[in-house]
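Line by line, the protein sequences are chains A and B.
Everything in the first sequence is counted per the numbering used here, starting at 9 for the first residue and increasing by one.
Everything in the second sequence is counted per the numbering used here, starting at -4 for the first residue and increasing by one.
Don't read these hints as lab results, they were simulated from the structure.
Heads up, none of these hints are tricks.
Computed footprint of chain A on chain B; a stretch qualifies when at least three of its residues, placed anywhere within it, have a C-beta under 8 Å from a C-beta of chain A:
{"#": "1", "stretch": "6 to 15"}
{"#": "2", "stretch": "80 to 86"}
{"#": "3", "stretch": "162 to 170"}
{"#": "4", "stretch": "224 to 237"}
Now the in silico label distances, taken between C-beta atoms and shown as ranges:
{"#": "5", "chain 1": "B", "residue 1": "D109", "chain 2": "A", "residue 2": "S16", "range": "43 to 51 Å"}
{"#": "6", "chain 1": "A", "residue 1": "I205", "chain 2": "B", "residue 2": "S75", "range": "28 to 36 Å"}
{"#": "7", "chain 1": "B", "residue 1": "S75", "chain 2": "A", "residue 2": "P177", "range": "22 to 30 Å"}
{"#": "8", "chain 1": "A", "residue 1": "P290", "chain 2": "B", "residue 2": "D109", "range": "21 to 29 Å"}
{"#": "9", "chain 1": "B", "residue 1": "D200", "chain 2": "A", "residue 2": "I239", "range": "56 to 64 Å"}
{"#": "10", "chain 1": "B", "residue 1": "K252", "chain 2": "A", "residue 2": "R36", "range": "48 to 56 Å"}
Partial list, derived from the structure: chain A residues whose beta carbon lies under 7 Å from chain B:
{"#": "11", "residue": "L17"}
{"#": "12", "residue": "S19"}
{"#": "13", "residue": "Y140"}
{"#": "14", "residue": "P278"}
{"#": "15", "residue": "L303"}
{"#": "16", "residue": "K307"}
Note that the Cβ used here is the ideal one computed from N, Cα and C, for glycine as well.
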Amino acid sequence: MNKRILFSLRSPYREQLDVVGFQFGHGRKSLAIVGAMRGNEVQQMYVCSRMVQELKKLEARGLIAGDCEILVVPCVNYYSMNIGKRFWAMDNTDINRMYPGYDQGETTQRIADGVFSEIKGYEYGIQLASFYQQGIFLPHVKMMDTGFTDPEIMKDFGLEFGIIRKPRPYDTTTLNYNWQVWETKAFSVYANATDEIDQHAAEEAVNAILRFMNNRGIVKVKTPPGYITAILNESETKQIRSEHAGIFFSMTEIGRRIERGDILGRITDPFEGELVSEIRSPVSGTVYFAYHSPLINAKTVCFKIIK
Amino acid sequence: MIETVASVGLAVHENLRIQKRRIRNGISNTRLSLVTGTHGDELEGQYLAYMVGSFVDRHIDLLDGVLDIYPALNPMGIDSITRGIPMFDLDMNRVFPGSRDGTMAEAVCAAIVDDISGSDVCIDVHSSNIFLKEIPQIRISVPTAEILVPYAKLMNVDFVWIHDAATVLESTLAHTLNTRGTKTLVVEMGVGMRITKEYCEQLFDGVLNLMKQLGMWNGETSTVREPVISEGREVGFVNSDAAGIFVPCADFGENVKQGDHIGDVLDPLTGTVVEKVAAVCDGMIFTLREYPVVYGGSLLARILQPAGGEPK
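Kindly produce the complete structure, drawing on both the sequences and the hints.
This is the structure in structure tokens:
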């Protein structure tokens, strides 16, 4: 293993920001794994730290394929993590909206450029991603449909679902999108939680990444059997919004198979306790996202169902 | 008449309400929409909205048309000094056109677009953020320049910046409205979290002049200034390479020569100048850093070059 600094940035008042990468194996740039780019992506950093542990063991036992180099970047934005902010502490910009970056540009553009110059050129890229809303996901893999990456490759993760997202204009500055523009086959792995550690989901994400690496010939490793991944377009999933606001109670769990008409959640009046809304599923399927906060506004996505 | 454009229930005993005021007089249906408050830390438009609304009220007989004033597209952001919509990761100006069946932010954006669409002209007023100060200017993307520059010239701004189109900007209110045929001008002026009265007064004259040219204002108006148009001219960007405290020594709006000393980045701990900042090109400083603390990459100034300059 070679631990090295990929990018540094001086701060006027803090220790220098050093983005650290862990390099395993030698030769062809095979796989880059990127964890936390936002300050609350603790689970994403944790999954990467677990990958570093696993790769150390595999390297020691000679199980990384010859002519394969793997790079793991557990955390890009620990400056924000250390002060409890999600975005860049100074100007609240999101590093994951700055790719491919610009070395003569603004601070977060320079960070994105510095990191991207190190992580581009790999055959595969995996980002441990988080969602902008408070909620938990069934571990799954997602890719943006740019026409470059074959969606069937998602099956190699052995997660239950592989989801294809049609990029929107604001997606064009994300790492995942730009990786593909620079001809890296890029995937986002969702490991359930964000600002808390979910050991079980982290284990599942680590196994999925190891399974992918094994199936792609990058490492030799035995993992627990995975799923036969169902590949589907994001537009085929059903998004359920709250019709009312108040105190939210989830009545289901992610991963649960539900039938049309099943009650998924309840919303009560925050002052009088009266039931103001029952959230029923309009479709049969599997719950893959559940809102996770006691308070809910109207028109908030509270569940996503894979039909 | 005050109308609610969108309303969404918040968790505890409150609704998010986007409001507008419609001022109508005469027989003409010519409609101007004055829109501001998309970013909660940009307040220059608040004073402009007040000035225009109160002046037209006092001289209502001179109005022949419809003036819609939307002072706060992101009221929770303004209330909490939050640039975006509180508890929502995305910049509101990256969510347009939104979706009626979407999430709270998407549904609100869709309602706003539906409401403004059909205006003869829309003026979308922004300030800079808290870090930079801007001279009063209108920003127009290249594909819409031919249609919009004649209107921008009526607005009494100092500068019209015609910039390249970018995919990410397709999610803005201005792009959405222009795509739907509602001519929309994006104004940038001043600095975040502050009101610069002289700039608001300058824009006020521009708004009345635009209304007059649209045939919906019968009162006297002031002569407006001829803006500098960026067409065929390059903009030079001056970014800090060091971290520290930026202290400028050039003035806002000043014409400088390439290499001129325009400021220093200082280290208060060691008492040293860590970077002497020089102009990257000849031209006029139209953006200058207002917030002193800088990292490598922080934007310090933008300079509009004379015609024929090289990209910097």
